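The listed protein sequences derive, respectively, from chains A and B.
For reference, each letter of the first sequence is one residue, going 1 to 243 in this note's numbering.
For reference, each letter of the second sequence is one residue, going 1 to 243 in this note's numbering.
Everything labelled a hint here was simulated from the structure, so no lab data went into it.
What you are looking at is a predicted structure, and each value in this text was computed from that prediction instead of being measured.
Hints are not guaranteed to be accurate.
Straight-line distance between alpha carbons at most 25 Å, and here's what the computed SDA-like set of lysine to any residue pairs gives [claimed, not checked]:
(1) LYS159/A - GLN161/B
(2) LYS18/A - VAL48/B
(3) LYS139/B - VAL48/B
(4) LYS18/A - PHE173/B
(5) LYS18/A - SER175/B
Now the in silico label distances, taken between C-beta atoms and shown as ranges [as the list claims (entries may be wrong)]:
(6) GLU183/A - PRO193/B: 56 to 62 Å
(7) SER105/A - LYS139/B: 26 to 32 Å
(8) GLU207/B - GLU47/A: 26 to 32 Å
(9) ALA235/B - SER105/A: 44 to 50 Å
Where is the CB? At the ideal position from N, CA and C, for every residue including glycine.
Number of protein chains: 2
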Amino acid sequence: MGRTAGIILIGNELLSGKVVDANAAYLCRELRALGVDVRRIVVIPDEVDQIAAEVAQFSGRFDVVFTSGGVGPTHDDVTIEGVARAFGVPVVRDARMVEVIQRFSGGNLNAARLRMAEIPEGALPMMGDGLVFPAVVMKNVYVLPGVPELFRQKFEGLKEQFRDEPFHLVSVFLSVGEGTLAEHLNEVVRGYPELMLGSYPELANPEYKVKVTLESKDRTYMERALGDFLARLPASVVVRIQQ
Amino acid sequence: MGRTAGIILIGNELLSGKVVDANAAYLCRELRALGVDVRRIVVIPDEVDQIAAEVAQFSGRFDVVFTSGGVGPTHDDVTIEGVARAFGVPVVRDARMVEVIQRFSGGNLNAARLRMAEIPEGALPMMGDGLVFPAVVMKNVYVLPGVPELFRQKFEGLKEQFRDEPFHLVSVFLSVGEGTLAEHLNEVVRGYPELMLGSYPELANPEYKVKVTLESKDRTYMERALGDFLARLPASVVVRIQQ
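Throw the hints in and build the complete structure from the sequences for me.
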């Protein structure tokens with residue numbers, strides 16, 4: 001089945017509607033393209049206990065976990081403390097981090113800036129391709145910043161280590177609605193129980209009514225299911241097929 | 001503290017990056033404007049057991065719960081079954097729903113269309129302002145469709161029943177970074193422990209470096225905290241204040 005992932009978004013601003021998250025959708029797309037199966041996303045407030053509980057649960061349940069947000073120098077940046085608590089370790093000041101921050105701030109190290117050098121005991125400041133500031137990695141948990149530019153920069157630097165067998169996907173665009181299609185889809189699912197089969201209606205699209213996606217890590221299996229599905233439909237309802 | 005809410009987004013297409021969710025951000029903004037505090041969002045696959053577990057947990061934990069997605073007529077639409085299982089009741093065909101669907105489909109009722117008439121036993125098909133198709137409501141759980149146009153239409157029809165005391169919010173835009181601000185923010189939090197205080201850096205904005213938000217259901221409390229915060233800053237760093 002390949003590797004699984006979970007994403008934890010941390011930030012009151014997401015829950016109160018002040019900020020629209022861009023990181024989860026980006027990460028889902030990127031991980032899918034790498035062959036990694038995202039199984040769960042959760043959005044929680046800047047509260048240490050909730051962060052600790054989610055990180056502990058996700059870390060045990062998925063191969064790799066990403067957190068987004070809560071890693072700056074201010075009062076509401078409590079992700080590092082939450083991750084440490086999830087693993088039952090203290091937060092410590094890391095000499096490697098202090099050195100990087102010193103370079104960044106031109107030696108002007110106040111208490112707030114030094115907070116950025118704190119990591120869970122046993123975590124690794126991980127440098128990747130093109131990274132100027134390390135990402136903090138605690139076991140299988142990658143602690144990433146919430147600011148989208150920085151989030152992407154860090155993920156780009158780390159992503160090759162997550163590459164897995166790819167998913168194979170084909171999309172079939174149809175001119176009939178789900179009410180007509182449902183029985184055919186059920187038959188395909190019965191014949192190909194391992195297939196990932198999606199059905200997405202479009203209300204206002206003049207080109208098609210439903211997009212059906214067939215997906216598998218096994219290309220031959222996906223292609224056989226596609227043949228089976230198409231054989232059930234009158235050719236006139238297939239608008240186009242995109243592989 | 002006012003009412004709390006939780007949001008459950010259901011759909012493999014969100015986790016696999018095929019579709020970018022628009023409903024959670026919309027609902028967070030709307031609920032905030034109504035005075036409701038969204039405490040948690042989760043994104044899960046189209047799997048009955050996971051839906052049941054989340055709905056049961058959210059329903060006990062929050063005043064009101066919204067689900068998005070998984071309510072069409074196809075094989076992957078299993079939200080109704082998940083909600084029923086969360087409350088330990090069977091799924092039943094509802095006569096009121098059959099009647100509506102009959103009107104919609106011009107009497108052309110196949111098995112797939114009739115699936116849309118199934119609801120958890122004890123749930124209510126709820127009509128709201130301007131709604132043509134009812135929303136299914138099971139205790140404090142509102143089952144909404146994933147298609148954004150329909151999601152918004154249904155929420156618009158229902159939303160007045162959720163109105164609560166409003167939040168009062170002021171945003172202060174500053175020309176200094178978080179490293180400089182952090183100590184002042186800590187002092188404000190110490191003096192006003194009930195204040196919701198947010199700090200959001202902007203990397204590429206020429207106008208300001210950090211937006212600080214002060215928020216409370218108690219306007220006087222918020223205004224006193226604002227006065228305290230501004231008194232700590234040199235006036236020259238305040239770019240503007242937005243209330």
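Structure-based check of all given hints:
For the hint linking LYS159/A to GLN161/B, the alpha-carbon distance of about 46 Å lies beyond 25 Å, and the restraint is violated. Restraint check: the Cα-Cα separation between LYS18/A and VAL48/B comes to about 32 Å, which exceeds 25 Å; the hinted pair is violated. Proximity of LYS139/B to VAL48/B is assessed by CA-CA distance (about 19 Å); at most 25 Å being required, the pair is judged to hold. Of the supplied pair hints, the one linking LYS18/A and PHE173/B holds, its CA atoms being roughly 14 Å apart against a limit of 25 Å.
Taking the CA atoms of LYS18/A and SER175/B, the gap is near 20 Å; set against the 25 Å cutoff, the hint holds. Distance hint check for GLU183/A and PRO193/B: the Cβ-Cβ separation is about 59 Å, which falls inside the suggested range of 56 to 62 Å. Checking the proposed 26 to 32 Å range against SER105/A and LYS139/B shows it is violated: the Cβ atoms sit about 53 Å from each other. Checked against the hint of 26 to 32 Å, the pair GLU207/B and GLU47/A passes, with Cβ atoms roughly 31 Å apart.
For the hinted restraint 44 to 50 Å between ALA235/B and SER105/A, the CB-CB distance of approximately 25 Å leaves it violated.
Of the hints listed earlier, those the structure fails to meet are numbers 1, 2, 7 and 9, in rising order.
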